[in-house]
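Taken in order, these protein sequences are the chains called A and B.
Using the UniProt record's numbering, read the first sequence as starting at 1 and increasing by one per residue.
Using the UniProt record's numbering, read the second sequence as starting at 1 and increasing by one per residue.
Hints in this document: simulated from the structure, not taken from any laboratory.
Please note that a few of the clues may not be correct.
It does not matter which identical chain is used: a pair holds within one copy or between any two.
As the list claims (entries may be wrong) - Simulated crosslink set (DMTMM-like; lysine to aspartate or glutamate; CA at most 20 Å straight-line):
| id | residue 1 | residue 2 |
| --- | --- | --- |
| 1 | K92 | E50 |
| 2 | K123 | D138 |
| 3 | K140 | D44 |
| 4 | K92 | D162 |
| 5 | K96 | E155 |
| 6 | K96 | E57 |
| 7 | K140 | D59 |
| 8 | K92 | D59 |
| 9 | K92 | E102 |
| 10 | K92 | E104 |
| 11 | K124 | E155 |
| 12 | K124 | E75 |
| 13 | K124 | D86 |
| 14 | K96 | D44 |
| 15 | K124 | E50 |
| 16 | K140 | E75 |
| 17 | K140 | D86 |
| 18 | K140 | E155 |
| 19 | K96 | D162 |
Number of protein chains: 2
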Amino acid sequence: MRRLNLALAGLAATLVGTAGATLGAGAGSGATNASPIYGVTIPDGYRGWELVAPALEADPLNELRAVVANSVAIEAYRAGTLPFPDGTVLVKLAWKRAQSPEFEPASVPGASTTVQVMLKDSKKYAATGGWGFGRFVDGKPVDEAQHQTCFACHEARVQGHDYVFTRFAP
Amino acid sequence: MRRLNLALAGLAATLVGTAGATLGAGAGSGATNASPIYGVTIPDGYRGWELVAPALEADPLNELRAVVANSVAIEAYRAGTLPFPDGTVLVKLAWKRAQSPEFEPASVPGASTTVQVMLKDSKKYAATGGWGFGRFVDGKPVDEAQHQTCFACHEARVQGHDYVFTRFAP
Numbered sequence: 001m002r003r004l005n006l007a008l009a010g011l012a013a014t015l016v017g018t019a020g021a022t023l024g025a026g027a028g029s030g031a032t033n034a035s036p037i038y039g040v041t042i043p044d045g046y047r048g049w050e051l052v053a054p055a056l057e058a059d060p061l062n063e064l065r066a067v068v069a070n071s072v073a074i075e076a077y078r079a080g081t082l083p084f085p086d087g088t089v090l091v092k093l094a095w096k097r098a099q100s101p102e103f104e105p106a107s108v109p110g111a112s113t114t115v116q117v118m119l120k121d122s123k124k125y126a127a128t129g130g131w132g133f134g135r136f137v138d139g140k141p142v143d144e145a146q147h148q149t150c151f152a153c154h155e156a157r158v159q160g161h162d163y164v165f166t167r168f169a170p
Numbered sequence: 001m002r003r004l005n006l007a008l009a010g011l012a013a014t015l016v017g018t019a020g021a022t023l024g025a026g027a028g029s030g031a032t033n034a035s036p037i038y039g040v041t042i043p044d045g046y047r048g049w050e051l052v053a054p055a056l057e058a059d060p061l062n063e064l065r066a067v068v069a070n071s072v073a074i075e076a077y078r079a080g081t082l083p084f085p086d087g088t089v090l091v092k093l094a095w096k097r098a099q100s101p102e103f104e105p106a107s108v109p110g111a112s113t114t115v116q117v118m119l120k121d122s123k124k125y126a127a128t129g130g131w132g133f134g135r136f137v138d139g140k141p142v143d144e145a146q147h148q149t150c151f152a153c154h155e156a157r158v159q160g161h162d163y164v165f166t167r168f169a170p
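Make the full structure from the sequences, and use the hints.
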């Protein structure tokens, strides 16, 4: 049934296009701050979670990023547990890359751009590798069309790491 | 006395130069894993501390970096408390910037390069703005000459932020 819901949501999103899609409720959540399709919200307290790794995204985004994760995720990373267990939550923070005004060789975080969430629930999100996705700008989820791209990209690109790009930085 | 010790250590370091300086003991610590001049060690459990901000350091270092901090520091950051209170500890992790093999626009952490520590003790380190410094490669402190450069650079460059470059990323 979940798989069917996801498939229907995807089809509807394709038909509706990107303008004001509000089909997230079809995935079981009516919360206005929940992502379309998946019903994922920004987890409380994530800014205090442990660091998995920083990253740099080149132009045109030109962003500094950092993935933080809850304790379930960190334990799995440290133990090398794959797939990640249910309850894993990963949050990627992103900021515009800015020139440090005090040290020329350094780039530092500028304005916050997006917060992106991956939440593992192997039953609820069975159709997408066990992962629910949420992409947020200013605390609000982006549209359904953008959320259609999440799993397709992770599935196509990540090699042997349970659809998770980010590895634990030593 | 501490100020005198620091001054003497600095003078001695200048005379000795960079080769195999082991004058750290003169600053009051004989621990082999403690930094010269300051006697600062890598704090236990720092890898699990909260993120302050990521950064990118351009060539020739070409490194991704992330500053994490203990709870004293995080509270000060969030409250905007300056100067940072005694007991503040900041740790900067650094890795070679590597190309993501799975997503072309992304750079990710490669090999770990340095771990750098700032520890606030306004009495012990009164001669250096209240900060003790430690720079470590493979868990071992680098030489005295390198440690001579820490405060001079922070003092000359940081503007109105208690000698701390890194701001809290929103």
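Hint check:
1. K92 x E50: This pair counts as both: shortest intra-copy Cα distance 12 Å, inter-copy 14 Å.
2. K123 x D138: neither (29 Å within a copy, 43 Å between copies)
3. K140 x D44: Close inside one copy (14 Å), not across copies (38 Å); limit 20 Å.
4. K92 x D162: Within. Shortest intra-copy distance 16 Å satisfies the 20 Å Cα cut-off; inter-copy 29 Å does not.
5. K96 x E155: Neither, since 26 Å and 27 Å both go past 20 Å.
6. K96 x E57: This pair counts as both: shortest intra-copy Cα distance 9 Å, inter-copy 15 Å.
7. K140 x D59: neither (24 Å within a copy, 37 Å between copies)
8. K92 x D59: within (18 Å within a copy, 25 Å between copies)
9. K92 x E102: between (26 Å within a copy, 17 Å between copies)
10. K92 x E104: between (26 Å within a copy, 18 Å between copies)
11. K124 x E155: Result: close within a single copy only, 17 Å intra versus 54 Å inter.
12. K124 x E75: neither (22 Å within a copy, 37 Å between copies)
13. K124 x D86: within (10 Å within a copy, 47 Å between copies)
14. K96 x D44: neither (23 Å within a copy, 32 Å between copies)
15. K124 x E50: Close neither inside one copy (26 Å) nor across copies (30 Å); limit 20 Å.
16. K140 x E75: neither (29 Å within a copy, 27 Å between copies)
17. K140 x D86: For K140 and D86, the Cα distance exceeds 20 Å both inside one copy (25 Å) and across copies (38 Å).
18. K140 x E155: neither (25 Å within a copy, 41 Å between copies)
19. K96 x D162: neither (28 Å within a copy, 25 Å between copies)
The earlier numbered hints that this structure contradicts are 2, 5, 7, 12, 14, 15, 16, 17, 18, 19.
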